[in-house]
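Student: Given next are the chains, with one letter for each unit.
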Amino acid sequence: MSTTKTVGILMILVVLVAGGWALFGKGDTQTGPIRIGASLPLTGDAASYGEMMRGGIELAVKEINDQGGINGRQLEVVYEDDACSPTGGTTAFTKLLDADQVSAIVGPVCSPSAAPALPLAQQHHVPTLIIASAPGLTDIGDDIFRIYPSDLLQGKFAAEYVFNTLGKKKVAILYAKDEWGTGLEKTFSARFTELGGTITDSEGADVNATDLRTPLTKIKTSNPELVYIPLHASGGVAVAKQSRQLGLAVPLIGGDYFDTKEFTSVVDTNGIFFTIGKINNSDDFKARVKAATGVDAGLLTPLGYDGVEIIASALKQAGTNPEKLRQAIAATSYTTGVSFPNISFEQNGDLKAAQFEIRVVKNGKSESYVE
Amino acid sequence: MDIVVQILLNAVIAGAIYSLLALGFNLIYSTARFFDLGYGALTAVGGYSVFFLYKILGLPLIPSIIFGMIMAGILGWGVSELVYRPLRARKASNTVLLVAALGVLTVIQAGIAILFTSQFQTLSRYVAEQQTYTILGGVITQTQVLILAAGLIIMVLLGVVLKYTRVGKAVRAVADDEEVATIVGINAQRIMGGVFFVGSMIGGLAGISVGFDTGIQPTMGLALLLKGVIAAIIGGIGNVWGGVIGAFVLALVENLGAWQFSGEWKDAIAFLVLILFLLFRPKGILGK
Numbered sequence: 001m002s003t004t005k006t007v008g009i010l011m012i013l014v015v016l017v018a019g020g021w022a023l024f025g026k027g028d029t030q031t032g033p034i035r036i037g038a039s040l041p042l043t044g045d046a047a048s049y050g051e052m053m054r055g056g057i058e059l060a061v062k063e064i065n066d067q068g069g070i071n072g073r074q075l076e077v078v079y080e081d082d083a084c085s086p087t088g089g090t091t092a093f094t095k096l097l098d099a100d101q102v103s104a105i106v107g108p109v110c111s112p113s114a115a116p117a118l119p120l121a122q123q124h125h126v127p128t129l130i131i132a133s134a135p136g137l138t139d140i141g142d143d144i145f146r147i148y149p150s151d152l153l154q155g156k157f158a159a160e161y162v163f164n165t166l167g168k169k170k171v172a173i174l175y176a177k178d179e180w181g182t183g184l185e186k187t188f189s190a191r192f193t194e195l196g197g198t199i200t201d202s203e204g205a206d207v208n209a210t211d212l213r214t215p216l217t218k219i220k221t222s223n224p225e226l227v228y229i230p231l232h233a234s235g236g237v238a239v240a241k242q243s244r245q246l247g248l249a250v251p252l253i254g255g256d257y258f259d260t261k262e263f264t265s266v267v268d269t270n271g272i273f274f275t276i277g278k279i280n281n282s283d284d285f286k287a288r289v290k291a292a293t294g295v296d297a298g299l300l301t302p303l304g305y306d307g308v309e310i311i312a313s314a315l316k317q318a319g320t321n322p323e324k325l326r327q328a329i330a331a332t333s334y335t336t337g338v339s340f341p342n343i344s345f346e347q348n349g350d351l352k353a354a355q356f357e358i359r360v361v362k363n364g365k366s367e368s369y370v371e
Numbered sequence: 372m373d374i375v376v377q378i379l380l381n382a383v384i385a386g387a388i389y390s391l392l393a394l395g396f397n398l399i400y401s402t403a404r405f406f407d408l409g410y411g412a413l414t415a416v417g418g419y420s421v422f423f424l425y426k427i428l429g430l431p432l433i434p435s436i437i438f439g440m441i442m443a444g445i446l447g448w449g450v451s452e453l454v455y456r457p458l459r460a461r462k463a464s465n466t467v468l469l470v471a472a473l474g475v476l477t478v479i480q481a482g483i484a485i486l487f488t489s490q491f492q493t494l495s496r497y498v499a500e501q502q503t504y505t506i507l508g509g510v511i512t513q514t515q516v517l518i519l520a521a522g523l524i525i526m527v528l529l530g531v532v533l534k535y536t537r538v539g540k541a542v543r544a545v546a547d548d549e550e551v552a553t554i555v556g557i558n559a560q561r562i563m564g565g566v567f568f569v570g571s572m573i574g575g576l577a578g579i580s581v582g583f584d585t586g587i588q589p590t591m592g593l594a595l596l597l598k599g600v601i602a603a604i605i606g607g608i609g610n611v612w613g614g615v616i617g618a619f620v621l622a623l624v625e626n627l628g629a630w631q632f633s634g635e636w637k638d639a640i641a642f643l644v645l646i647l648f649l650l651f652r653p654k655g656i657l658g659k
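In the order they appear, the protein sequences are chains A and B. FYI, in the working numbering the residues of the first sequence are 1 to 371. FYI, in the working numbering the residues of the second sequence are 372 to 659.
Calculated directly from the structure, the hints in this document are not laboratory data. Check the hints yourself; a few may be wrong.
To be verified - Label pairs and their in silico Cβ distance ranges:
no., chain 1, residue 1, chain 2, residue 2, range
1, A, Lys362, B, Ile437, 31 to 41 Å
2, A, Lys365, B, Leu432, 18 to 28 Å
3, A, Lys62, B, Thr477, 33 to 43 Å
4, A, Asp66, B, Thr477, 24 to 34 Å
5, B, Ala639, A, Gly196, 33 to 43 Å
6, A, Thr94, B, Gly474, 23 to 33 Å
7, B, Thr488, A, Glu76, 27 to 37 Å
8, A, Glu63, B, Leu453, 48 to 58 Å
9, A, Pro116, B, Val467, 28 to 38 Å
10, B, Thr477, A, Gly196, 48 to 58 Å
11, B, Gln560, A, Asp98, 48 to 58 Å
12, A, Asn348, B, Ile437, 53 to 63 Å
13, A, Lys362, B, Gln631, 37 to 47 Å
The C-beta atom is built at its ideal place from N, Cα and C for all residues, glycine as well.
Next comes chain A alone, as it looks inside the complex:
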C-alpha cells in the first residue's frame, strides 16, 4: 500500500472519529456540568483585575453548586488568560467557544481584549457579559451585555459634576490617545458644551508619554478653571508633578485609571479627583469571599459574582439554548446583586442605571469625596 493511500485512510479515520466525538460529545453535555467561560487578565500589568474578578466568580459558583446547581446540573467555569491584550482576547475566546463550547462568557475586563474577541462570541451566539468600558463594544451584537457602566456615561457624569457641582465653566482637557481616553474626551466635551461650558483647550497625549510639559504649558495659557485629565496612571503622575512645576494651580479631575496604588501612592497626586463607577462592596460580601476562596475582595470582585449570578438565573429559566438564554439575560432585572442595586439592560446591552462617584486621593489612598 502506498504512503498516499495510508495517509488518505488515516485522514478518513480521523474525520470519522472526530465527527463521532463531536456528535456524541454534544449529547453528553446535556447531562454533564454546564460550562461557562471567564476571559480575564491573569498575567501581566492588569493581572490584579483578573484576580479580583476570580474571587467573586468562584464564590458564586460555589454557592450555586452547593444549592444543587442549575436544574440539577453543576456549573463549571473555564478560566482563560486574555492578558489584557488584543491577541490574548481572541486566543481566549477561540478556546472557550470552540474547544470548551461554553454556554456563556464573563469578561473581558479590558477593552483592548474585548474589541477583537467579542465578534467571535457574537458569531457563535454565546451571550457574553463584559466589564470592559469602551463605548461601542455593546454595539458588536445582541449577545453582548455590559455589567459595568460604559465610558459614555462616565464622561457625561464628569462633565455634569464639573459644571453643576463644582461650578467650573471653563475647562481644558488633556487625554490619553487610546479608545478609553478619546471616548471620555468626546463625551465630556459634548456634554460640557451642551450645558453651556467652554472647552479652552483639548490636547491628546500618547498613552506612554510622561513629558507633558508642552501640552500643559499650552493649557495653562488658555486659562482654564479646571483640567480634565482622563489619562493612565503614569500620565496622571506626570501631570501631577509637571502642572505644579509650571504653576498650573487649578483642580485636576481624572477617570477610573487613577484608582490604582501606582497613582495614589505618589505624594504629588494628593488632592486629585477622579470619577469611577460606584460598585457596592459590602463587608458581609467581603467576608463571604474570604471564607469561601481565601482571597481579599477588591473593587471588581462583586462584578465577578453578579456576572455569574445573572448567567445562572438565566440558565435556570431558559436552559442552554443560545437564543432563549440571550432573551432571558436581556430581560434580566436583578436587584439582589452585590455590585449595583439594580442590573438591567438597555436595548443595546448597556447598563440601564449606572452610578458613579467622585473619589479623591488623600494620604496615599483614594477615598470617596463628598462636598
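Based on these hints, arrange chain B on the given structure of chain A.
Tutor: For chain B alone, kept in the frame of chain A given last:
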C-alpha cells in the same frame, strides 16, 4: 508666564535627558559598531537601582545615584563580555549582534518587572520641596538644572578624554579598526569592556534622571533609546558634541511641534526629523 520662554525651557529640559542618552549611545556605537538595543534597558537598571537604594532602603541620595550608575555600568560591561564578546570572536554579523541585543533588552526588562513589578514608580520627593528657578517668566526645577549640568559636564569630559588622553586615543583606534589596533599593541577587549562600562553608566544616569523628573517603568528603555539614537543621528553619529547638539535640536523640534499642532504629534515629529536627516543629511549636523 511667557509661553515661548516656557516652551523653550521645556525643550531644554527634554534635551538634557536626550543628550545623556545620545552621549552613552554614541560612545558604544562608535566603538562597537552595532546597534546596541540592550543599552535601552540599562537606563531602567540605573533607575531601579536608585529606586531600591534610595526609596526602599532609604540610603542617602548621592551614594544611591553613584551606585545606580555603577550597577548599570557593571551590567553593561557584563553583557558585553558574556554575550557580545563571544559573538564578535565568532565574527558574527551586525544583524546577529542586533538580535542578541534585542534579547538582552527583553531579558533585562523582564527581570526588572519580576523584581519590582511593572508599576510606574517615582524617585523624587514631594515636588513642593523642590527649589524652582524662574527664567524670563519660565519655570525650571533644581533637578532639571542638575540633569542639564551633568549632561554638559559629561560631554566636555568625554570630548577631552577621547581627544587628548592615551586611553581616548586607544578607544578611537579600536573604533577605527579593531584588528589594526590590536596589532599595534592595544588591548582591544579591555578597551571595548571599558567603553561598555562607561557608556552604560551614562545610560544609567539618563534613566535615573528620568526617574527623578517623572518616573520609571521596566519598559521605559526602548523609547528612551530611540530618542537617544535620533539625537545621535541628527548630530552626527559617533560625534560627542554632535550628539548633544542633536539632542537639543530634537527636543526643540518636538516641543515646538507639540505647541503648534498637538501633543500626540511629538513622536511622529521626532521620527519625521530622523527620516529627513537620514535622507538628506545622513552624516548629521556636524558629521564625523
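Student: Which hint numbers doesn't this structure obey?
Tutor: 4
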